[in-house]
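Go by the hints and put chain B onto chain A.
There are 2 protein chains.
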Amino acid sequence: MINIAVLGYGTIGSGVVEVLKTNGDSIRKRAGDKINIKYVLDIREFPGDPIMDILVNDMNIILNDPEVKIVVEVMGGINPAYSFVKQALLKGKSVISSNKELVAKHGAELIDLAKERELNFLFEASVGGGIPIIRPLNQSLTADEIVEITGILNGTTNYILTKMSDEGIEFKEALKEAQDLGYAERDPSADVEGHDACRKIAILSSLAYGMQVDFEDIYTEGITNISHVDIMYAKALNTKIKLFATSIRENDENVYAMVAPMMISANHPLYSVGDVFNGIYVRGNVIGDVMFYGSGAGKLPTASAVVADIVDAAKHLNKNIWTIWSSKKLELIEIDKVRHRFFVRVAKNKNTLSDIQSLFGDVEDVAEVVKDEYAFITPLITEKEMKDMKENIIGLKGSIRIRF
Amino acid sequence: MINIAVLGYGTIGSGVVEVLKTNGDSIRKRAGDKINIKYVLDIREFPGDPIMDILVNDMNIILNDPEVKIVVEVMGGINPAYSFVKQALLKGKSVISSNKELVAKHGAELIDLAKERELNFLFEASVGGGIPIIRPLNQSLTADEIVEITGILNGTTNYILTKMSDEGIEFKEALKEAQDLGYAERDPSADVEGHDACRKIAILSSLAYGMQVDFEDIYTEGITNISHVDIMYAKALNTKIKLFATSIRENDENVYAMVAPMMISANHPLYSVGDVFNGIYVRGNVIGDVMFYGSGAGKLPTASAVVADIVDAAKHLNKNIWTIWSSKKLELIEIDKVRHRFFVRVAKNKNTLSDIQSLFGDVEDVAEVVKDEYAFITPLITEKEMKDMKENIIGLKGSIRIRF
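Respectively, the protein sequence lines represent chains A and B.
Under the numbering used here, the first sequence has 260 at position 260, and the numbering climbs by one with no breaks.
Under the numbering used here, the second sequence has 289 at position 289, and the numbering climbs by one with no breaks.
Derived by calculation from the structure, the hints in this document are not laboratory data.
A quick note: this is a predicted structure, and the numbers were derived from the prediction, not measured.
Which copy is meant is left open, because identical chains are indistinguishable; a pair holds if it fits in one copy or across any two.
Subject to a maximum C-alpha distance of 20 Å in a straight line, what follows is the list of computed DMTMM-like cross-link-like pairs (lysine to aspartate or glutamate):
#, residue 1, residue 2
1, K29, E253
2, K390, E364
3, K315, E118
4, K337, D217
5, K86, D58
6, K91, D65
7, K299, D289
8, K319, D33
9, K115, D33
Only chain A is shown next, with the shape it has when bound in the complex (with noise of 0.2 Å):
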């Protein structure tokens, strides 16, 4: 029998609880021993839940009891989360991790860690709720350089621009459906701004390329700013604007990562991944293109990946699994000198053509869907350029990146 604690009981803490119970019978032949969870750390009480009887309110008798070899973390942010783990990891414990905010900002740190005391420190469902990446991109793309991984990893803006293609409606009404659902939160920042994305893809990044990626360097923007309009345009054109977390290795070492909304044409792989979906799309430079789909978020397939996570800690007790993931930092190029082409909106009545074509250059034009404006698509230019252009354009209407 193999003692586990489970830190917080929250949508996926009490999924944990549900998986372990449901197919505790091929569980116990996979890990080769049968799990048990000893404890439950939550602050509040559960009347009538049976997890009363393991309910405990201090991490210390956790970290105490030498029995409990694996603690599950699924809290979720950094206080007291870093510190709860950093203990049970000093404490010998292998410790299982979904809170991308924790696994981003310290990461490369608790893999040492653990890694010095022959324990492990596993984190899948951190990205991509239930889709396996973390262990196929640790463990199965070992033979390839990878040089580009792009991921739709935010189910709540996947959604969003879903609904706004297929209802035809603003986001704003997009997301209060979004919310009602409960998919979005009250307050959805956190998803439409981007930030959630630039967390899950600095982790795949300092993981495809074996060092440091810090978040705050990758340059993060939302969706808030897609209109209905766009969406029409990306529909005449036989695409579809998608919010992509990407990375790409340009040559050897030089590395840019953002988070933004990106028009795709249907031979993307991720074209096809709709409403709360996740996908990722990872290029070697041997295998070519993989990708992997599935659902990113919800209480029993995020309850998944961690589970096999305990599945696999519980047979590596003693047993670092490797992981490259040093701490040096990746410097990654200024985003500045990252070029795209844009599809770019303007208004007919403060722009001439000629005066588009002297600002960007040989455009190709996009026949119009919505009256009074101009639409059309750039020639490849840095993101300076684009950031340029739009202080000296006046009357622009909307600006998408383009990825095809």
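Chain B only, in chain A's frame:
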């Protein structure tokens, strides 16, 4: 330094040599040691090729060299691959194989042999080429009971079906194109009759359910009967025809497996898997839907999977990586009892609508695409019922299972 031997210097074998050379530095970092190819076994000569220095044609040299820790079998076929692999394991060497025939037929035995000796028998490249699927099934989806695994597992047939659909051509013409491009063999039967996909779904099903699924038990139907007219109807119905290799657990222990063309709609995760790409869809009882996509064949993608296995074996030289695939046979549900809806076309001059209704019951009419034919969709009926219909109905033009 970890010495390995590569058995077979064909497409994949030379790919393995190339990948180990191209990405040597990062592979060394991930394996924790340099991977050195000490021998390549082949009965052919390769004048001018650098591997001539390490080429041997006697397997005993490899078997009797205690320095060789890992043997990489990329020859294909059962003989002499099976005997070479077995002897290597008995001599204390871990084995990597890309050989679907070998793994489907002898996987359980070879896994056991490796397990007993704290060695490894790994075979990521045997299914889905470069796509990580074996390791995710073994190590990532461990919290789930798998209830379905369905793949587009054969790139050649997927290419042919995609061409038939894109270009409106018949099977024979598309096959010829595939042969001209080297995607199909001169004798294409292993691909187009479904035998290749059958081996692969046998392997995936054995891993998903943890018991031996014999490929001989799997009902297998290829794509040779799919016509241009079928594709026209599929398009009119907003569907695609794909060769599915599928196994479904309907209740606790009742699994059926089959390889057959299926009509699927745009909301199926495998709908957009086109050309020579492969996709594998897995449904678990807690994770829900997951899908893996990538190059299902090709020299470098397949070699990437082989080398990832080499890295894993190098990191686990004296530790078996647990694989649950017991030699106990899983008795599949008799195919006659499996139920599908079918898309059916019959000649108008041989049948009246009331004939059809009296045979099939409450059918769903499909708008006419081709003159002189009735097209319709049957209710859910068993394979046995459909088989009997085929004998009774005159002027049957085609029937395709529906998965939507």
